[in-house]
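Start from chain A and add chain B with the ligands according to the hints.
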Amino acid sequence: MARYGMALDYKNCINCKACEVACKEENGILMGADKHRIWVGTGEIEGEYPLLSIASNTFYPSQCQHCDDAPCQEVCPTNATYYDENSIVRVDPEKCILCSYCMNACPYDARYVDDRTVTVDKCNFCTDTRLDRGEVTTACQATCPTKVRIFGDLDDPESEISQVLRERESKTLKAHLGTNPKLFYLL
Amino acid sequence: MNIKDIKEFVATIPYNKVSIKDLLAFEKTPRNMLLAVLIVAFLAMFVIGVAIYLKHGHHAYGVTREHPWGLLIAVYIFFVVSSTGLCIVGSLGDVFGFKDYMMISKRAIFGSIVTILAGFAVIAFEIGHPVTMLIYNVLTPGFTSAIWWMGTLYGMYLTFMIIEFVFLLKNDMKMAKYFGLTGLLVGLSAHSNLGSVFGFLNARPISNGVYYPTYFILTAFITGIYLAFIMYGFRYKLKFPENATKMLVNLGKIQGLLLSILIFFVTWKMLTDVYGGMPNRAEVGVHIFESWTFWAEVILAIFIPLFIILKDMGRNVLGMFWASMSGMVGIMFMRYNLVHDTQLKPLQMLKKTEYQLTPEWVHYLPSSTEVMISLGGLGLCLAMYYVGTKVFNLDADEHH
Ligand code: SF4
Ligand code: SF4
Ligand code: SF4
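Protein chains in written order, with the working numbering: chain A, 146 to 332; chain B, 15 to 414.
So that you can see chain A by itself, here it is in the shape it has in the complex (with noise of 0.2 Å):
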C-alpha cells in the first residue's frame, strides 16, 4: 500500500506540451479540446515592451491534484469516485450516475466526461494502465524532456519525491482550500 504523489519541479516546464500528449496516447483519451486530465498552465507575459516581466512568463503544468481531502469524493452520492489503496482518487464508471456534482466541487477543474462510458474521467496516475502493467513512471512523467514530474510513495523515505520533499521547499495549488493535495510544486 503506497501513498502516491508527485513533485513537479514546474519552472523547468518549456510548455511543449509532450505530457499532454502523453496522457492522451498511453490513457486513450479522446480528443476534442475539453477531453483532458493534464494540461499545462500559460500565464500571460506582463508589462508594455521593452519592460516586459520575464518573470511573469511561468509555465503551470498540472492535472488532478489527488487530494487527500478529495472535495470531489465527499460530494459523490454514489462513491463513484473513491480513494484506492494507493490513496489515489479514481472513478469507477460502473457506478458514477453524471450527476456532475465532482465537476462543480472540485476546486481545480481537473475532471470531464469521458464520451465512451459517459461518466466522469479524470487523471488516475495511469493506474490500470503503467502502474497495473508493474511500471513505476507516469506516462507524463517518463516522456517530459525537462523532466518536470516525480512520482512516487510519499510514505516510502527512500523515495525519490520524499528526498526532493525533505530537501527543497514546495507548495501546493489553492491550500487554502483544505483539500491536502498530494502534488507538489518546488519552488
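These are computed hints drawn from the structure, not numbers from a lab.
There is no bait here: all hints are sound.
Some chain B residues near chain A, calculated using beta-carbon distances under 7 Å: (1) Pro82; (2) Ile141; (3) Gly142; (4) Thr146; (5) Met147; (6) Tyr150; (7) Thr154; (8) Ile161; (9) Trp162; (10) Leu215; (11) Asn216; (12) Leu361; (13) Met363; (14) Leu364; (15) Lys365.
Once the Cα atoms are required to be at most 20 Å apart in a straight line, the calculated SDA-like pairs of lysine to any residue come out as: (16) A/Lys316 <-> B/Met363; (17) A/Lys180 <-> B/His70; (18) B/Lys69 <-> A/Asp259; (19) A/Lys292 <-> A/Phe204; (20) A/Lys319 <-> B/Met292; (21) A/Lys319 <-> B/Asn294; (22) A/Lys319 <-> B/Pro293; (23) A/Lys180 <-> B/Met363; (24) A/Lys319 <-> B/Pro219; (25) A/Lys156 <-> A/Thr187; (26) A/Lys169 <-> B/Arg79; (27) A/Lys319 <-> B/Asn222; (28) A/Lys319 <-> B/Gln362; (29) B/Lys69 <-> A/Val263; (30) A/Lys180 <-> A/Val166; (31) B/Lys267 <-> B/Glu256; (32) A/Lys292 <-> A/Val166; (33) A/Lys156 <-> A/Arg311; (34) A/Lys319 <-> B/Pro360; (35) A/Lys180 <-> B/His73; (36) A/Lys319 <-> B/Ala296; (37) A/Lys156 <-> B/Gln362; (38) B/Lys69 <-> A/Thr262; (39) A/Lys319 <-> B/Leu361; (40) A/Lys319 <-> B/Met363.
Where is the CB? At the ideal position from N, CA and C, for every residue including glycine.
For chain B with the ligands alone, coordinates are given in the frame of chain A:
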C-alpha cells in the same frame, strides 16, 4: 394488516372514473383553449427534447466542463421548491390545525405531488444514468454527499405525500396529520439539503455557507403561497367565494411578511458578498448585481408582489393572482441565477492559451433541447394537475 386489508384500503380510495371524453369536455372558452393548446405543445416539446437528448446525450445541452450544471438543474430546483412550498401551505390546515386553511390542504398536497413528479421527470434527463443512481444510491450510499441526502429524502417525501393525500381523500384527518407532519419534516430537510448541495461547495465561495440551505426554506414558503393564489385563481375562474377570499387575504399578509424577510436575506447576501471583500466572491457579487437576470428575479419575484400586497394590505386577491404569476416567473429566474452564479467564476488553473480562451466569466446559454425539456416539465405538471382535478375531489368536503 394483511393483504386483504390493504386491498380493501386501496379499493375504497374515493375517485371519479373519467374517460378521455370527460377530460376533453372542458368549457371551450378562449382562455381554456389557449391553455389546452399550450399544454399539448409543451408535452410535444418534452417528447422531442427527450428524443434529441437520448440521441446526443449532454452534447444536446449547453453544458460544458466549466459549467456542468445547466437549465435543467434550475428547473428541477424550481419544481421541488414548488413542491415543498405547497407542502408547507397544505400543512397549515391539516397538520397545524389552522381551520381557515383546511380548505386548501387537499389541493396543495396534490399540487406538491405533481410538481415533484415533474421535477423528477426533468432531472431524469439531466442525470446521465438515472437507473444506475437508483441502484448505487442503495448499494454504495455516499453519506457525505448532499445530493445523496437530497435525493433519498425527496424519494421518502414523495411517498409520505402520496399517503397523506390518500388519507385526505378518505377524510381520515388523524392519519393525514401524522403522515403530513412526517412528510413536511422530511420535505423540509430534503429541501435544505438541496440548498446545501451548493452550500458545501468550497470551490465556489459565492455559494459556500449557510445561506442557501436556510434561504431555500424561506423561498419555498413564498413559492407555495404564489401557487396557492394561482391554483385558486383557476379553480374559481378569478371569482373568489368568500371563504376562499378570507384565506387568500391571510396568505397575502403572510406573503408580505415573508417577502420582507426575503429582502433582508437578499440585501445582506449582496452587501456581504460585494463589500465583504472575499476574493472570488466580491467580484462575482458585483457581476451578479450588474446582470439583468438578477433584477428580473428581484422585480418579478419580490417588488411587484410586495407592492400589490402593501397597496391594499393584502386585500386585493385578484391583483395577487396576477402578482403571483409574476412571482413564479421571478422564482424561475431565482433558480436559474442560483445555478448559474455558482459556476460563474472560472477556477483559474491558468489554462489560458491551451484549451480555452481566458473567460473572465464562464458563459452558458441553455440549448433549445434544454428549453424544450423544461417547458415539457411544465406541460407535464399542468397536465397531471388537470387530470387530478377531474379524478379527485380536491375541494374540502362540505362538512368541513
Ligand atoms: S484535484 Fe479535483 S478531482 Fe483531483 S482529487 Fe482533488 S478534488 Fe478530486
Ligand atoms: S458525476 Fe459520477 S463521480 Fe462525479 S459525483 Fe456524480 S456520480 Fe460521483
Ligand atoms: S499521471 Fe497518467 S493519467 Fe495522470 S496526467 Fe499523467 S499521464 Fe495522464
